[in-house]
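> The listed protein sequences correspond, in order, to chains A and B.
Heads up: the first sequence begins at 1 in the working numbering, then just goes up one per residue.
Heads up: the second sequence begins at 1 in the working numbering, then just goes up one per residue.
Source of the hints: derived by calculation from the structure; they are not laboratory data.
Careful, some of the hints might be misleading.
[What the hints assert, rightly or not] Each pair of labels, with its calculated beta carbon distance range:
1. B:D197 <-> A:P61: 53 to 59 Å
2. B:F58 <-> A:P220: 51 to 57 Å
3. B:Y133 <-> A:W99: 30 to 36 Å
4. B:L288 <-> A:G27: 28 to 34 Å
5. B:Y41 <-> A:W99: 52 to 58 Å
6. A:V114 <-> B:V33: 54 to 60 Å
7. B:Q184 <-> A:F293: 22 to 28 Å
8. A:V31 <-> B:F58: 49 to 55 Å
For clarity, every value in this text was computed on a predicted model and none was experimentally measured.
We treat Cβ as the ideally placed atom computed from N, Cα and C, and that holds for glycine.
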Amino acid sequence: MSTIEARALANAEQRQRRRNLTPGRIGAWVVLVLFLLLTLVPFLWMIRTAFSTTRSLPSNPTSLLPVDFTWGAFQRVLGLGTQAQAIAEGGSGASVNFWLYLRNSVIYSGAVTVGQVFFCSMAAYAFARLRWPGRELVFGLFLGALLVPPIFTSLPNFILIKNLGLLNTLPGMILPAFLMTPFAIFFLRQFFLGINREIEESASLDGAGPWGTFFKIILPMSTAPITTLAILTFIGTWNDYFWPLLVGNTEQTKVLTVALGVFRSQTPAGSPDWAGLMAATLVTALPVLILFFAFARKIIDSIGYSGSK
Amino acid sequence: MKSANQSSAGRSELMIALVFIAPALVGFLAFFVYPTLRGFYFSLTQYNLLGTPTWVGFDNFVRISKDPLFWNSLGVTVEYVVLNIAFQTVIALLLASLMQRLTQSTLLRGALLLPWLISNVIAAMLWFWLLDYQIGLANVFLEWIGLPKVAFFANEFWAIPTIAFVNVWRHMGYTALLIYAGMQTIPKYVYEAASIDGSSEWKSFWGMTMPLLRPVLAMILVITVTGSFQVFDTVAVTTRGGPVNVTRVMQYYIYQKAFGEGQFGYGSALAVVLFAILAVLAAIQLRLLRAGESDLA
Numbered sequence: 001m002s003t004i005e006a007r008a009l010a011n012a013e014q015r016q017r018r019r020n021l022t023p024g025r026i027g028a029w030v031v032l033v034l035f036l037l038l039t040l041v042p043f044l045w046m047i048r049t050a051f052s053t054t055r056s057l058p059s060n061p062t063s064l065l066p067v068d069f070t071w072g073a074f075q076r077v078l079g080l081g082t083q084a085q086a087i088a089e090g091g092s093g094a095s096v097n098f099w100l101y102l103r104n105s106v107i108y109s110g111a112v113t114v115g116q117v118f119f120c121s122m123a124a125y126a127f128a129r130l131r132w133p134g135r136e137l138v139f140g141l142f143l144g145a146l147l148v149p150p151i152f153t154s155l156p157n158f159i160l161i162k163n164l165g166l167l168n169t170l171p172g173m174i175l176p177a178f179l180m181t182p183f184a185i186f187f188l189r190q191f192f193l194g195i196n197r198e199i200e201e202s203a204s205l206d207g208a209g210p211w212g213t214f215f216k217i218i219l220p221m222s223t224a225p226i227t228t229l230a231i232l233t234f235i236g237t238w239n240d241y242f243w244p245l246l247v248g249n250t251e252q253t254k255v256l257t258v259a260l261g262v263f264r265s266q267t268p269a270g271s272p273d274w275a276g277l278m279a280a281t282l283v284t285a286l287p288v289l290i291l292f293f294a295f296a297r298k299i300i301d302s303i304g305y306s307g308s309k
Numbered sequence: 001m002k003s004a005n006q007s008s009a010g011r012s013e014l015m016i017a018l019v020f021i022a023p024a025l026v027g028f029l030a031f032f033v034y035p036t037l038r039g040f041y042f043s044l045t046q047y048n049l050l051g052t053p054t055w056v057g058f059d060n061f062v063r064i065s066k067d068p069l070f071w072n073s074l075g076v077t078v079e080y081v082v083l084n085i086a087f088q089t090v091i092a093l094l095l096a097s098l099m100q101r102l103t104q105s106t107l108l109r110g111a112l113l114l115p116w117l118i119s120n121v122i123a124a125m126l127w128f129w130l131l132d133y134q135i136g137l138a139n140v141f142l143e144w145i146g147l148p149k150v151a152f153f154a155n156e157f158w159a160i161p162t163i164a165f166v167n168v169w170r171h172m173g174y175t176a177l178l179i180y181a182g183m184q185t186i187p188k189y190v191y192e193a194a195s196i197d198g199s200s201e202w203k204s205f206w207g208m209t210m211p212l213l214r215p216v217l218a219m220i221l222v223i224t225v226t227g228s229f230q231v232f233d234t235v236a237v238t239t240r241g242g243p244v245n246v247t248r249v250m251q252y253y254i255y256q257k258a259f260g261e262g263q264f265g266y267g268s269a270l271a272v273v274l275f276a277i278l279a280v281l282a283a284i285q286l287r288l289l290r291a292g293e294s295d296l297a
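Based on the provided sequences and hints, a complete structural model is requested.
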């Protein structure tokens, strides 16, 4: 039998296997669906609980639909309801400055994203495109920073921010990640390396300097990877907990993740305000989920490409 | 002539390059290099955050070697890492193989990625509710099938496996996608050859997929092991180190020492120990898995 025939046979067999639902394939689908349920059911439960009345939850712990449907939990989280109503529904009645925390989260994540992506794309351009002595060495050193665990630099950075008088301020929270992370430079350099040099050279023949080339050629040609990096950076920063807890743990500077931890400890012991808690987590996760649904394909495709993030 | 031209071009581009990397360089020096050096310095001092650091040499490290809470935190962290990495890697490999075999669906991959997008804090809260002793879904289910209820986060035996589970849940889809992406780089002809040879799927998984996947797996392992040694968020919002000391993982212990008890020098020394452990582990893993080479010569 020639190899061509054999290959054709193998292909046909494969196609057949795809069409026929063998017991093995059915079993494989069952396993996949089980993991899918394990992934998604908690989210459904989060939504179902957030629209329930906390006091009624014990009476019907397995109902798929909200128990005693109410917007009360969201009103409690957003500070819209009255204290009496909150307590009646099982909340603590303590006021939550949700809008302030939301503002802080937006400023913290937004500023870090804008600064990091911009300054790292500048640096990545220098590493990918400009010829200068020591380029590989400096790039290697930058990458070396990936090896230092964040906890190790967090302690001295705390002291640094404290000495700068920026403790418990938004600038103090933003600063360390504002100028660079090794990952962002690495990620963008990979893309810049792939841009056709001829385009750049024709631009420089037209009299464009490095700034002109960077802003008019490199950046516009790289909107896709830059958007991907910006989304990943924003989501990552939005989800940060340790660093904002260290340097921003005051009422005025708390971000949502830090506030969530407090919201939990404020709820009455023994009978936590589950509906309020789930409404708070849902609202906190919402911006990230919206970003994901808007850019799902970009985010999914970036995984594997980026490898480390 | 040509080389002279190049070197003059090099000189002129150096100034421009310096301008382009200046902000990143400042960030690198101020927030990576300087704190790294300072971290080592603080570890050799006694420092309560208010006064100035006092040089104590290696006293902190001697104290660490005799600190039962440190050894406890190391043991707890290792237990967590082993459970987390073992389950996460096996499940992710399984999911990736299933996706490879069954479907290219972006929708499915997106769904599996959802837990990774929400923060550790949210994942922890969500499972704190699902695993609640009184009316959490998991315990209602256990009761329904006739098993005793479990106080997942409050039980001395279950607390660490529970925290490991929450983080496996959050990362399994993401890790599966990383492995899946690695599988796409294995050329089709390898499998075609195998199916001609009559090799079973199981055999070709162990005989071909795994060896060819080794560089990808090595990188994933180094990154996930390093990451899970630094577990903090889940512990901080659920058990806070308890019950007793069973969930006081290393990073939480460092946090408590440095910020809770104001022993900043001691906390820094603990961080040095953690750093050293991670460096040694990464080196061992890369060597064992010969990360650089693929069997696809």
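> Going through the earlier hints one by one, which of them does the structure break, listed in rising order?
Hints 5 and 6 not satisfied by this model.
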